[in-house]
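Mapping of the sequence shown onto my numbering: residues 1 to 184, in sequence order.
Hints may be right or wrong, so weigh each one.
Derived pair list, reagent style DMTMM-like, types lysine to aspartate or glutamate, alpha-carbon separation capped at 20 Å [to be verified]:
#: 1; residue 1: 5; residue 2: 119
#: 2; residue 1: 5; residue 2: 138
#: 3; residue 1: 5; residue 2: 164
#: 4; residue 1: 23; residue 2: 35
#: 5; residue 1: 5; residue 2: 153
#: 6; residue 1: 23; residue 2: 50
#: 7; residue 1: 5; residue 2: 18
#: 8; residue 1: 5; residue 2: 35
#: 9; residue 1: 23; residue 2: 153
#: 10; residue 1: 173; residue 2: 144
#: 11; residue 1: 23; residue 2: 59
#: 12; residue 1: 173; residue 2: 116
Have a look at the derived ranges for each label pair, beta carbon to beta carbon [as the list claims (entries may be wrong)]:
#: 13; residue 1: 153; residue 2: 124; range: 20 to 26 Å
#: 14; residue 1: 165; residue 2: 122; range: 17 to 23 Å
#: 15; residue 1: 32; residue 2: 4; range: 40 to 46 Å
#: 16; residue 1: 50; residue 2: 125; range: 34 to 40 Å
#: 17; residue 1: 152; residue 2: 59; range: 20 to 26 Å
#: 18; residue 1: 93; residue 2: 9; range: 36 to 42 Å
#: 19; residue 1: 174; residue 2: 6; range: 18 to 24 Å
Honestly, the hints are just simulated from the structure, not real lab data.
Virtual Cβ for every residue (Gly too), placed ideally from N, Cα, C.
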Amino acid sequence: MNNRKMYMDANEVRPLVDVMADKVHSLLNSRGITDPLMIGIRTGGVWLAEILHNQLQLDDPLGTLDISFYRDDFTRIGMNPEVHPSDLPIPVDDRHIILVDDVLHTGRTIRAALNEIFDYGRPASIILATLVDRSGRELPIQPDVVGLHPELEQNQHITLIGPEPLGLVIGTKTNRRSRSDEQG
1 MNNRKMYMDA NEVRPLVDVM ADKVHSLLNS RGITDPLMIG IRTGGVWLAE
51 ILHNQLQLDD PLGTLDISFY RDDFTRIGMN PEVHPSDLPI PVDDRHIILV
101 DDVLHTGRTI RAALNEIFDY GRPASIILAT LVDRSGRELP IQPDVVGLHP
151 ELEQNQHITL IGPEPLGLVI GTKTNRRSRS DEQG
C-alpha cells in the first residue's frame, strides 16, 4: 500500500466509538441481553473492544481472537508474522456475544472469527459491531452496529491505526496485494 494519508484522527474516531457504545447498549436492552461476552478480533478489533468493554462496564473479561489459522486465504497469503493465541476466558456455550472488528470489507475475517468461536462452543447469539463498514462484500455478512460508512473507491483501503491514539488512514492498493489488503 502506498500514498497513505490520515482520514480521521483520534478526535474524530473517538466520538464514533462512543456512538457505537450507545448503539450496542440500546441493542442489548432491546433484546433483553444483560450479561454479554465481548470478543475483539486482533488487532484493531481488540483495541475497539477494550474501549467498548470499559464503556459498557461488562463484568466478564474481554475475549480476543486471532483468526490467522482460520482464514480461507491462508495458503495464498501465508502466515501472519505476529500470530497470537486466542483467549476466550469463559465458555461461549449459550452466551450472547458481541463480536468487535475494526473494518468490515469482504466479510472473510468475520467468517473466520465465527468459525473459531463455534470451535469453542455454541453461542446463543452474536452481535457484530464494526467501526468501519465499507463496500466490497464477498460474503453475506452484515454488521449490527457500525460507526462509519465511508465512500471509498475500489482501489482504496482503510486501516485503523493505534492503539493510542486511534486513527483511520486511507491508502491505495498497489498491483502486488499485501496481507492487509487481503483482510476484511
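So, going through the hints one by one against the coordinates:
Note on residue 5 and residue 119: the hinted pairing is violated, with a Cα-Cα distance of about 38 Å set against a maximum of 20 Å. Taking the CA atoms of residue 5 and residue 138, the gap is about 26 Å. The hint is violated against a cut of 20 Å. A hinted pair counts as satisfied when its Cα atoms are at most 20 Å apart, and residue 5 with residue 164 qualifies at roughly 18 Å. Only pairs whose Cα atoms come within 20 Å are accepted, and residue 23 paired with residue 35 is accepted, the gap being roughly 16 Å.
A distance of roughly 15 Å separates the Cα atoms of residue 5 and residue 153; the hinted pair therefore holds under the 20 Å criterion. Using a Cα cut-off of 20 Å, the hinted pair residue 23 and residue 50 holds, with the two alpha carbons roughly 16 Å apart. A C-alpha spacing of about 24 Å is found between residue 5 and residue 18, which places the hinted pair above 20 Å, so the restraint is violated. Between residue 5 and residue 35 the alpha-carbon distance is near 39 Å, which puts this suggested pair outside the 20 Å criterion.
Restraint check for residue 23 and residue 153: the C-alpha separation of about 28 Å exceeds 20 Å, so the hint is violated. For the hint pairing residue 173 with residue 144, the CA-to-CA distance comes to about 28 Å; that exceeds 20 Å, so the pair is violated. A threshold of 20 Å between alpha carbons decides the hint, and for residue 23 with residue 59 the separation of about 19 Å falls inside it, so the pair holds. Pair hint residue 173 plus residue 116 does not hold up; C-alpha atoms about 29 Å apart against a cutoff of 20 Å.
In this structure the supplied range 20 to 26 Å is violated for residue 153 paired with residue 124, their Cβ-Cβ distance being about 39 Å. For residue 165 and residue 122, the hinted distance range of 17 to 23 Å is not satisfied, since their beta carbons lie about 38 Å from each other. Judged by the Cβ atoms, the range 40 to 46 Å given for residue 32 and residue 4 holds: they are separated by roughly 43 Å. The supplied range of 34 to 40 Å is broken by residue 50 and residue 125, whose beta-carbon atoms lie about 22 Å from each other.
Here the CB-CB span from residue 152 to residue 59 is close to 37 Å, at odds with the stated 20 to 26 Å. Between residue 93 and residue 9 the Cβ separation comes to about 41 Å, which falls inside the hinted range of 36 to 42 Å. Distance hint check for residue 174 and residue 6: the Cβ-Cβ separation is about 19 Å, which falls inside the suggested range of 18 to 24 Å.
When each numbered hint is compared with the structure, violations occur for hints 1, 2, 7, 8, 9, 10, 12, 13, 14, 16 and 17.
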